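Asker: So the protein sequences, as listed, match chains A and B. Heads up, the first sequence is in UniProt numbering, so the first residue is 1 and it goes up one at a time. Heads up, the second sequence is in UniProt numbering, so the first residue is 1 and it goes up one at a time.
Hint data in this document are derived by calculation from the structure and do not stem from the laboratory. Be careful, since some hints might not be right.
As the list claims (entries may be wrong) - Computed list of lysine-lysine pairs in DSSO-like fashion (alpha-carbon distance at most 27 Å, straight line):
(1) K133(A) to K388(B)
(2) K213(B) to K133(A)
(3) K276(B) to K133(A)
(4) K133(A) to K293(B)
Every value quoted in this text rests on a predicted model; they were computed, and no experiment measured them.
Below are the chains, spelled out letter by letter.
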Amino acid sequence: MTKSARKLYTYWFLLPAGLVYFALFLLPTIMSFFFSMTRWDLVDWEFIGFDNYATFFSESSLNIGFRNTLVFAVVTCGLKVVFGLLLGVALTSGLRIKGYLRSVVFFPTLLSTIAVGIAFSTMMHPTQGLINKTLALAGIAGPDWLGDTSIALLSVALVDVWKGVGMATVIFIAGIMSIPEDYYEALQIDGGNAWDKFKHITIPLTAPAMNSVIILAFIGGLRSFDLVWAMTKGGPGFSTDLIASIIYKQYQGGFYGLSTAGNVILFVGVSLLAFPLLKLLNKREVDL
Amino acid sequence: MAQSRNKLIYAVAGALLTASVLSACGSNNDNSGSSPEASADSSSPAASASSSASASPSASASSERYEKPVTLKLLIDNQTSTAGIQAVADEIEKRYNIKTEFDLRPGGGEGDNLVKTKLATGEMDDLNFYNAGSLFKALQPEKYFLDLSNEPFMQNVLDSFKPTVSVDGRIYAAPSGSSQAGAWLYNKKVYAELGLSVPKTWEELKANNEKIKAAGKTAVIGSYKDSWTSQLVLLADYYNVQADAPTFADDFTNNKAKFASTPAALKGFQKLAELKPYMNKDYLSTTYDQALKMLVDGTGVHYPMLTFALSNIFATYPDKIDDIGVFAQPGDSADKNGLTVWMPAAISIYKDGKNVEAAKKWVNFFASAEAMKIMATKAKPEGPYVVKGAELPEDAYAGVKEMVPYFDEGKTAPALEFLSPLKGPNLPQITVEAGAGMKSPEDSAKAYDKDVEKQAKQLGIAGW
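Just chain B, same shape as in the assembly (with noise of 0.2 Å):
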């Protein structure tokens, strides 16, 4: 009897465990597909536009027609408004008889994984669509990609693109659009009904914080449910960082330098801590569209985030974009302000794809301002072009056009991330811990010098 019931259980137990397993697959898949993770340093939807010509392949292109249609893949993740480069691959088509085949993959962490098994296994497609810098050299680039540096197109690109994309003096990728930055999205009604003017220092900044707080809004939005937005202020302070420590990407890769022993670079995680007061209430569990909407509501007031933003929130609420404004996260001094910039995402050709002068036909032209004039019918561009000679279009986004001055005075630095490879992958915990008070600015700078020091180690960098 009492085995006859055993016998009962461990069957209906089994099938269970069946179930479960199989269910566990289920799941996974949903996963890819459900969880879109995009980290600031991944995937910026870089579509773009520009106008102005320079140095353009077109001339010779009926001659360089191919008899048959060739099929370029191109992998790239699914978090991209592709609508921009669709519409540059459709005119490739029309010259060149290349088509172009998109590839999605899923964006973040996820879309890492698969890039690098991709790589690793030899089934890379013909073009790459990957974030410049550190999360582009991690790729090992000069083992898989081929070298563009004589291409050309190159003669396009602005030279501070370049070395986003360069290993040992050789360039490996082609920008795709218009760079970005990380700074202070702020709504400009509610600075016009409280009588606030742009802040150049950060006492400047602290002072409208109150005065918001003071009328009962929100002064600086927090969405860490998605937690790879805590890292914005951190990230974008990187301007004020190589103001006072101009050495410090350098000494930072070669393990002389340190978050949490250089003063500069501690000011990040000092001011992450400070804005606590100042953020609504369910910072921790506010997402990055919620965010987008209070910001455009007027509920909240400031958002430190990319530009890219300005994207999503034209893509949402179209009338309300003009609303928007972006100015540079403020240092000490106003005479020291400046912008954090971040460069489009590369796209490289696959070494050993089978169609690489094909490839390498496509890159130029997709690199050329004619190429980005086609663009820009399309997709606005979230930043000034890194395409030589392209100036912004008339009807860029009110936030874009503010970004210029910047520009034109010379007031800009790019991301720590693309003049280092170091970035630790827990960054995004650790200014969620140092945004939300759990740990001090001190203590978080620690862990993360940690964090990168574990990166650098099983990366295997030299000097650690």
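One chain only, chain A, in its complex shape (with noise of 0.2 Å):
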């Protein structure tokens, strides 16, 4: 066999592998970039050039979503970061019921988007709401939380906070426990306090930890639908809507080009973010 022959024989092991990704991931990229510039309705389409694109970026119906779903990312993610830490250490110190609490807290991850969607949405009803209700117990008014459209995109994000910090949770404690008792001894040693143990070495070591954290959760955020859906359905008015969700109506509506438009930019949306915040956090972590 020559050289070249056995290079190329190694390559038919990768052919059923690349037929798959070609097929169903490379080929329908490509065509929703070609299928987002056309009227299409499934059957027959029609090239339009770059209208859908206008469309979506000048009617405010359409645009309001790059808005709020870049609040809503960077709400959660931030929340994430700040409650999966502060769970993350709680949990990794002696506490005796550390185990239960574990559990506890990482439970709402395993729970069905829509059924929590669905609860918090009944107990968030302003009047007959069990949050409400406990408020008025303490002689306070709760808001109307998701009727109120100065603060329902918030509310929302509390929900997929206390549904998403669960795993935020988990690979922070991961991260804090791969960290050297030896650091925290030699810490000792000097005379550092908790607070000096937190700020100079769970916090610098916990950084690969705290970066998948945050690439997650604001890709995640970015993406959000199924919550948004199951709470307020964009409502009221289009005071909740995401980007997501509203490439979901213009599906419903049967406007596919449009909807398909509105993929490649949240597509290109989350590329642009994303990539340089990779680039960002890596370098940072190298830097430590």
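Both chains come to you apart, so use the hints to assemble them.
Answerer: Here it is in structure tokens:
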């Protein structure tokens, strides 16, 4: 066997997987770029250039999603990092019931998002919901969590954090547990207190874990759909519409070309935000 | 050391990512089942009943009976009560040896997706139960469904139904039962207590609202959590629109008239905005089901709704059904007061189905007065019929009986969505904004005009 033939021979093993990858991933991706520039009814199509993109950026009911999605992703990502880290530290400490608490914290992650959404939208009802009734016992008049357009998006974000923080916590626990005890002992000998431990050892050495959490939570936030759909369907009006829910509504309307354009925008948007973020975080990690 | 730590973290992160992908699949499944989004224009539970006879194809039934049983599949949404249709289907099986298999799909937008996808991929069932009007026309019936213009049963169908399922003068579907109205449901007990009478003008309605509010009750029930319910005031105003602007539907379809620039049409948005002070405080979080309960309890007195709500009320509160009345959304003057009517859902035959002949027999029997009579034993009508000679049964809902005078006096008009293929998909959100005062009626009308323009362009309608 010549060298080149041997080289070729190995590629045959890649072919089956390559074909599947091409047919199920690459081909649809390329096609979506094409169909996003058409008026399309799944059977016939007509090429209309960048009209769909222009519509997406010019119509207020469509582009409101850009702002909402960014707010949603930043808020959920930030809160998941903060709460995840704090819970991670608490659950690796000497707490006696930490095994039980770890399960409690992780439990919401296992639930169906739709079930969580429906349960919370019932609890957040302004007059009959559990949350406001409890607040009323303490003499506080709770807001209309999902009805008030200025806080509806934040209410949904809070539920997303409640549901997602367990995952962040587990990643942080893994990160914290892999920090060798020696560092803490050294700090103790130098006379550091608990805060110094947290600030000078835990935080820097969990940087890889934090990066994973940030990336996962941020991309998850940008693509988020199911929770918003279960809780508000983008309402009241358009006030909690995210890009993904808007795309879904265009698909419902039978605007397949337009909704494909939305997906391309989402794809490009997520890539443009996620890759530089990943690079930045990795750089920071190396610097440490 | 650092490397192995990273490995561990990535392993955990990877496992979690996989888990989240899997759970996402799971929740999508939940989604299709658990968000019953019956849009106002969609999936009217259109079971119905009828009596009286006209030409029926049953005379030669025995000779038309199949030797071997034939099975037809009927694609129908899961929010429609199938009891009435089932009764007729049982009779069809007895007579023709044609079995009917119900193929349930979600209602609302998700159901639309499914139907369109089934058509596009050639997997449509033999029979398709679907909204008449703009939604039906958006399916491009001329491409997928059998032309039924010359079928014998068409003689029994009222002319008012036919245009809602016709394209270029050819008729593509049969009616599935009774019509219904977009109107104001009201609690008659409270009306009697407060000494109110049914309003014939918008001013009278507002005066009634004031009195109800003064009595400490909710005058108008808002249930914007189910955003489709917010459209009713606008949609039910169409009788008043066409009384003032008779050519509006055509002009609207042909890009010549807009909601924002047609005063009669703009009024629908203005009326919606005027109701806010009379609505329940938690109208943005109230659902359709909660609204029905308020209406039945009498804590809420008016509910602008489609009359299929009567069936829902009857199912849950059967002893209270006769407390609920119906009146048309009033306009400016009492002598121009009329009812906006929704046509029953359409049943069409898939052109490339395997059993087209059997399906024709099925539909021919289904759209007869005889079939309606069978239906009446299982399901009550939500409005008068669109099959000729049919009258309401004795035990019809009180609210439905109140609709009859409008029909007898000819004071009805079909809703706009039955006259024009255009209905902007964002209307529920836009009417929520208008009703909640987030936007002025004028701005909402403009937003809706833009939404319609987007739809017309996306669907490639001529003149846009």
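Asker: Checking one constraint from the list: CA of K276(B) to CA of K133(A), max 27 Å. Satisfied?
Answerer: holds, 25 Å
Asker: Is the Cα-Cα distance between K133(A) and K293(B) 27 Å or less?
Answerer: Within the cut-off at roughly 20 Å; holds.
Asker: Holds or violated: K213(B) with K133(A), Cα cutoff 27 Å?
Answerer: holds, 25 Å
Asker: Are the Cα positions of K133(A) and K388(B) separated by 27 Å at most?
Answerer: Roughly 55 Å separates the two Cα atoms, so the pair is violated.
The earlier numbered hint that this structure contradicts is number 1, and it is the only one.
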